[in-house]
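Listed in order, the protein sequences are those of chains A and B. Residue numbers for the first sequence follow the working numbering, so the first one is 1 and each next one is one higher. Residue numbers for the second sequence follow the working numbering, so the first one is 288 and each next one is one higher.
Take the hints with a grain of salt, since some may be wrong.
Said to hold, decoys possible - One side of the interface only, derived from the structure: several residues of chain B facing chain A at Cβ under 7 angstroms: (1) Leu391; (2) Lys468; (3) Leu472; (4) Ala494; (5) Ile661.
Claimed, not checked - Derived DMTMM-like pairs (lysine to aspartate or glutamate); straight-line CA-CA distance at most 20 angstroms: (6) B:Lys591 x B:Glu638; (7) A:Lys113 x B:Glu474; (8) B:Lys316 x B:Glu375; (9) B:Lys348 x A:Asp75; (10) A:Lys226 x B:Glu638; (11) B:Lys662 x A:Glu114; (12) A:Lys113 x B:Glu638; (13) B:Lys468 x A:Asp8.
Because the hints were derived from the structure by calculation, they are not lab data. For glycine and all other residues, C-beta sits at the position ideal for the given N, C-alpha and C.
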Amino acid sequence: MSRRLMKDGRPLSPFSIVTMTIFALLWTIPTIGLLVTSFRTRDDAASSGWWTALFNPGNANWTTSNYQGVWNGQDFASGFINSIVVAIPATVIPIMFAAFAAYAFTFLNFPFKEFIFLLIIGVMVVPIQVAFQPMLNVLGPRGLGISGQYIAVWLLHTGFGMPLCIYTLRNYMSTLPKSVIESAKIDGCSHYQTFWRLVFPMSIPAVAAFATLQFLWVWNDLLIAKLFLNSGNTTVIVKLQQLLGTQGQGAELLTAGAFITMIVPLIVFFALQRFMVRGMTSGAVKG
Amino acid sequence: MTADTASITQGSRSRPTDPEATLRANPLKIALGLIGMVVVVWFLGNLFLAFGFYPQWFGNKVVIGLLAIIAGVGGAAAIFFFLNMFVEGLPSRLSEGVIPYAFLLPALFFVALMLIYPTFQTINYSFANADSTAYVGLQNYKTIFGDSEFWNSILNNVLWLIIVPAVVVGFGVGVAVLSDKLSALGEKVAKSLVFMPMAISFVGASAIWGLVYAYNNPGEAQTGLLNAIWTGLGGDPQTWLQISTAKLNSLLLMVILVWLQVGFAMVLLSSAIKGVPDDTIEAARIDGATEFQIFWRVVVPQIKGTIITVFVTVFILVLKVFDIVYVTTNGNYNTNVIANLFFNKLFAASEAGQATAIVVVLLVAVIPLIWYQIKHFKDEEANR
Chain A
1 MSRRLMKDGR PLSPFSIVTM TIFALLWTIP TIGLLVTSFR TRDDAASSGW
51 WTALFNPGNA NWTTSNYQGV WNGQDFASGF INSIVVAIPA TVIPIMFAAF
101 AAYAFTFLNF PFKEFIFLLI IGVMVVPIQV AFQPMLNVLG PRGLGISGQY
151 IAVWLLHTGF GMPLCIYTLR NYMSTLPKSV IESAKIDGCS HYQTFWRLVF
201 PMSIPAVAAF ATLQFLWVWN DLLIAKLFLN SGNTTVIVKL QQLLGTQGQG
251 AELLTAGAFI TMIVPLIVFF ALQRFMVRGM TSGAVKG
Chain B
288 MTADTASITQ GSRSRPTDPE ATLRANPLKI ALGLIGMVVV VWFLGNLFLA
338 FGFYPQWFGN KVVIGLLAII AGVGGAAAIF FFLNMFVEGL PSRLSEGVIP
388 YAFLLPALFF VALMLIYPTF QTINYSFANA DSTAYVGLQN YKTIFGDSEF
438 WNSILNNVLW LIIVPAVVVG FGVGVAVLSD KLSALGEKVA KSLVFMPMAI
488 SFVGASAIWG LVYAYNNPGE AQTGLLNAIW TGLGGDPQTW LQISTAKLNS
538 LLLMVILVWL QVGFAMVLLS SAIKGVPDDT IEAARIDGAT EFQIFWRVVV
588 PQIKGTIITV FVTVFILVLK VFDIVYVTTN GNYNTNVIAN LFFNKLFAAS
638 EAGQATAIVV VLLVAVIPLI WYQIKHFKDE EANR
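This is chain A alone, in the form it adopts within the complex:
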């Protein structure tokens, strides 16, 4: 029985090749449909399927007017800026707070350490829906009065991302050699110095992994942005959701709008895929 071999000496598996090709195509076709449709005119998109344009690109009326319409007319431009302004601090701030906490959990001793850590693991799966009514009261006009502003959303994402971030970073830090930290102590470093000069730089792989996931979560979030940002500060995802509600007039803008919301996550995905993978394999559960 002789089987064809691949370059690396493993047997060639025609069944795998065929099945995976079909599967990968199935998984990609819906996205391609969106991308193609977003460059078609309103009349074209309403009168024929997007695949006809793909099979016969010469006859189709290609246009970028959908993008112009949604960027200026639907103000996705300001939504895009808002998304960036929301997502970057909402990624960095929880990491900063969680990294200190993870250091304490890994290298310091204090009473109730195990109990507090189990508490953090427990709240990881608590649905964030519990927070809405209480937080609308705390952050809203009845409380601090910051609901609607960026800072409200940063605080919420910081809180919701915190348990997972502490968990991921602690797991990573506990694999760092204890001897390094001991020698820093002998050299007279304070814990603050040890953290900034040694532990944090050594934890960069875990930090990058979590940051990638948190950034995508925050960027793609609908609920928190919808509830806690006023209409001037709202993100592209909320703008897209509002666009999805409209039928008829402006339907051609929807596909372009959807693609605008996807550009940044897709860049992050293709540039930082290995960090995403690392973050997920390190036990990423989010409530």
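Fit chain B to the supplied structure of chain A, relying on the hints for placement.
For chain B alone, kept in the frame of chain A given last:
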């Protein structure tokens, strides 16, 4: 005593400065640290109020955005800087004891404020009226349990919970196994394409699939992929998301979530499968096992832990599934789920009491998962 020996003796005490000094409190550092923290919080508070109420001071949105990013990130760093200064100013014995809490408390403060306090407050509100001003006893629970929409949502949620995690794990295992048999390049490309939807938002995914499920009147060209195939096979065009017979529309919405999540399952399962030692597979092969037997009797038992992890993770996600249902059908046509019912009760109907009662039902459903998470962590620690 020369300077050299002095530094050596001090080094052995692990303190570079005068040992006496660190035992005493340093009022200057304590004061600076405290003042610093107060000033940072005061400054940030005012800056953000200014962003909100006087945007014209800053020119345009990009300036506000840049300032907001710098202030948000820099402010968080500054708080830690001054907090540390405060702790270092304390007498050294006190400082050693306080350091863990100084590192821990800012993070715990957020967890307590955003997750623990709201959990109890939500339970509290669930016994109160629509605007949380007076207690009404069990009235909210009576109302939601007597509401057929609630039970319909529960039924749909249960269906989502039974179907989606299982299908995601099944596809995930399949893709992981099959792509492992491809060439290195083929594996990389195939996995990237399957993984890509993970980067897309639920709303974006709903827009993408809205195009697949699109409906045009009979006789017109069908622009939706599914209707194009369906009419191509001789059927009449269907408004797919309105057909609740046999829960078809719910199933079609589940497809969207499966499409999003298979990549996640694949990534975890693929790394687990690559971790299965080759000699166990070789041994089975020498014993004459078929590929099928090898998979079920050798590979699956060794990746069982990962399968359960993926299953539980997707399960937790599905329990709170909201965005997809909200933006496609908003729960109409018998597709409602718990999280969407909650959202509509809270905002469309302004029934905070009933809405929080629904969340409490969700919380109760999560309790076994909390127990599982803690057990899982303890097992992992034991194997470390």
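For each hint, the structure was consulted:
1. For the restraint placing B:Leu391 at the interface with chain A, the shortest Cβ-Cβ distance is roughly 5 angstroms, inside the 7 angstroms limit, so the hint holds.
2. Checking B:Lys468 against chain A: minimum C-beta separation of about 4 angstroms stays under 7 angstroms; hint holds.
3. Proximity of B:Leu472 to chain A is violated relative to the hint, the smallest CB-CB distance being about 10 angstroms (cut-off 7 angstroms).
4. Taking 7 angstroms as the C-beta contact cut-off toward chain A, the hint placing B:Ala494 at the interface holds, the least distance being around 4 angstroms.
5. Hint status for B:Ile661: holds, given a least beta-carbon distance of 5 angstroms to chain A, under 7 angstroms.
6. For the suggested pair B:Lys591 and B:Glu638, the alpha carbons sit about 44 angstroms apart, so the restraint of at most 20 angstroms is broken.
7. A C-alpha spacing of about 43 angstroms is found between A:Lys113 and B:Glu474, which places the hinted pair above 20 angstroms, so the restraint is violated.
8. With a C-alpha separation of about 7 angstroms, the suggested pair B:Lys316 and B:Glu375 falls inside the 20 angstroms cut-off, and the hint holds.
9. This hinted pair checks out: B:Lys348 and A:Asp75 have alpha carbons roughly 12 angstroms apart, not beyond 20 angstroms.
10. With a C-alpha separation of about 18 angstroms, the suggested pair A:Lys226 and B:Glu638 falls inside the 20 angstroms cut-off, and the hint holds.
11. This hinted pair checks out: B:Lys662 and A:Glu114 have alpha carbons roughly 13 angstroms apart, not beyond 20 angstroms.
12. With a C-alpha separation of about 40 angstroms, the suggested pairing of A:Lys113 with B:Glu638 is violated against the 20 angstroms cut-off.
13. As the CA atoms of B:Lys468 and A:Asp8 are separated by approximately 11 angstroms, the hinted pair is consistent with the 20 angstroms bound.
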